[in-house]
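Sequences listed follow chains R and Z, in order.
Take the first sequence: its letter number 6 is residue 6 in the working numbering, and every next letter is one higher.
Take the second sequence: its letter number 292 is residue 292 in the working numbering, and every next letter is one higher.
It should be emphasised that the hints constitute simulated quantities derived from the structure, not laboratory data.
Any given hint might turn out to be false.
Stated by the list, open to error - No more than 20 Å apart at the CA atoms, straight line, and that leaves these computed lysine to any residue pairs for SDA-like: (1) Z:177 / R:13; (2) R:77 / Z:378; (3) Z:411 / Z:378; (4) Z:177 / R:73; (5) R:76 / Z:126; (6) Z:329 / Z:177; (7) R:13 / Z:121; (8) R:13 / Z:108.
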Amino acid sequence: MSMTIDEKLGIDKFHVDEGYAHIEVNKGASESDIKLLTRACPAGLYKYSEGVLTFDYAGCFECGTCKVLSADRVVKKWSFPKGSFGVEYRHG
Amino acid sequence: MADKFNVIVVGGGVAGCVTALMLAREGLEVVLVERGNYSGAKNMTGGRLYSYSLERVIPDFASVAPVERRVVRERISMMTEKSATTIEYLSDALKQNGSDSYTVLRASFDRWLCQQAEAAGAMHIAGMLVEDLIINDGKVCGIIAGGDEILADVVVLADGANSQLMERAGLRTKPIKPSEIAVGVKELIELGAKTIEDRFNVASGEGLSWLCAGYPSGGKIGGGLIYTNKDSISIGVVVTLSEFNETELSINDMLENFKRHSVIAPLINGGKLLEYSGHLVAEAGFSALAKPSGSGVLAVGDAAGFVMNLGYTIRGMDLAVSSAIAAAKTIVAARDNLSDINALDGYKGNLEAEGVLADMKHYSNFPSFMENHRIFGEYPEMIDGLLADLFVMNGSKPRSLVSKLLSAANKVGVLNIVGDAIKGVRSL
Numbered sequence: 001m002s003m004t005i006d007e008k009l010g011i012d013k014f015h016v017d018e019g020y021a022h023i024e025v026n027k028g029a030s031e032s033d034i035k036l037l038t039r040a041c042p043a044g045l046y047k048y049s050e051g052v053l054t055f056d057y058a059g060c061f062e063c064g065t066c067k068v069l070s071a072d073r074v075v076k077k078w079s080f081p082k083g084s085f086g087v088e089y090r091h092g
Numbered sequence: 001m002a003d004k005f006n007v008i009v010v011g012g013g014v015a016g017c018v019t020a021l022m023l024a025r026e027g028l029e030v031v032l033v034e035r036g037n038y039s040g041a042k043n044m045t046g047g048r049l050y051s052y053s054l055e056r057v058i059p060d061f062a063s064v065a066p067v068e069r070r071v072v073r074e075r076i077s078m079m080t081e082k083s084a085t086t087i088e089y090l091s092d093a094l095k096q097n098g099s100d101s102y103t104v105l106r107a108s109f110d111r112w113l114c115q116q117a118e119a120a121g122a123m124h125i126a127g128m129l130v131e132d133l134i135i136n137d138g139k140v141c142g143i144i145a146g147g148d149e150i151l152a153d154v155v156v157l158a159d160g161a162n163s164q165l166m167e168r169a170g171l172r173t174k175p176i177k178p179s180e181i182a183v184g185v186k187e188l189i190e191l192g193a194k195t196i197e198d199r200f201n202v203a204s205g206e207g208l209s210w211l212c213a214g215y216p217s218g219g220k221i222g223g224g225l226i227y228t229n230k231d232s233i234s235i236g237v238v239v240t241l242s243e244f245n246e247t248e249l250s251i252n253d254m255l256e257n258f259k260r261h262s263v264i265a266p267l268i269n270g271g272k273l274l275e276y277s278g279h280l281v282a283e284a285g286f287s288a289l290a291k292p293s294g295s296g297v298l299a300v301g302d303a304a305g306f307v308m309n310l311g312y313t314i315r316g317m318d319l320a321v322s323s324a325i326a327a328a329k330t331i332v333a334a335r336d337n338l339s340d341i342n343a344l345d346g347y348k349g350n351l352e353a354e355g356v357l358a359d360m361k362h363y364s365n366f367p368s369f370m371e372n373h374r375i376f377g378e379y380p381e382m383i384d385g386l387l388a389d390l391f392v393m394n395g396s397k398p399r400s401l402v403s404k405l406l407s408a409a410n411k412v413g414v415l416n417i418v419g420d421a422i423k424g425v426r427s428l
């Protein structure tokens, strides 16, 4: 029952705020800083391929890992989603 | 809404709900503000709730609260990729009221706790993010939420390990360092009650806690965990953030490796993933905190760093409850002069009285002891080497037990082992 991380996120419930990205990233950050987040982000939202960072805030657990590791480097802005938006754990 | 509350509690987790409950019982006007659509919506646990703390607030809570299973089987393992060495402890003492512990799932448990606070008279606002604190002349006087100002004599920060308000309140003077905090991921895997009871050898309503060092975290500081719930198991991995500088594995790789381990795979075989979650674990504890209270503000639970990772167990929710009790006592004692700038100065003394600080201080060297890489990398290999010598028979020439011990120990260095043993015992 090995699943990819995106398949796992597909099972979770998110109220995505389409109009507001609560995290903004710096695509010009160093490769080593970006790769650190590809390993540490529990939702696997930092993806790096062929030298390009892609990031989608939609599956975010709002845990703060990327903020603690990379504030002002890869992470340009970090805030919580607005009230009632974001991940909603049904079990926790 | 009232013009001004006595107390605003930010965050509807265990610490926030218990604080609101106790204050409402004393007749204070208290509002609990939660950014999720219900208490627990943003919360997850990779641990269990030791009952002694909540028993003091809600006696016999386990008979009415949505708990999962009482933990009666404690297991710890040292794991390498191909082996596991396990210690298991069972005792009637683990089943006694007040010294027992329960697995819980936070979406249901926190919601129940919040309902208790509401029933006692606390006001509850869900789906509202607290964006900022109102601070006048150094005193916290309220919050800004949803663009509106809400005033109070006291603001209690119960907004968790990833609190965005602790620094603003002046309770944390420096940002959290990657070496002071860990990230945990968890899968909730449905197996059904009967399968759980068969596979983990537990009776109905009873369960197991299992912490694994070594391989689950790729030999880095951290570990793997398994807890049994009613119909599902929680399986997860926790890793200190600074460790990701020293590994090629992602946290999800580590979890998948752990799940594929030959000791674990049969236990979760055929299960269905119900939820995947992630959260920070404030594991450097209280030492990472500037102070627990200021003028008009105090911090409880994870926000204040009241978490202890001792390797064989992780404590957080019981400390959340105990710190909430201390916070409520502080506020109630000062209820007639809550607007004084020094009204909350008694909090530290109450944290001492509730045992929170004593526990944190007693184990204060343990986080740095656990930072020793030998514990997660070399010791599991050493123990595997020793036990393989004892148990794996392949016709080779026998050696004395002493030489087996020494050959396993020499790989790590005998002096290192002695030194680590002394440090480990002292830090406990």
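Structure-based check of all given hints:
1. Z:177 / R:13: Violated, because 30 Å separates the two Cα atoms, which is more than 20 Å.
2. R:77 / Z:378: violated, 39 Å
3. Z:411 / Z:378: holds, 8 Å
4. Z:177 / R:73: Roughly 15 Å between the alpha carbons, so the hint for residue 177 of chain Z and residue 73 of chain R holds.
5. R:76 / Z:126: violated, 28 Å
6. Z:329 / Z:177: violated, 32 Å
7. R:13 / Z:121: violated, 31 Å
8. R:13 / Z:108: holds, 15 Å
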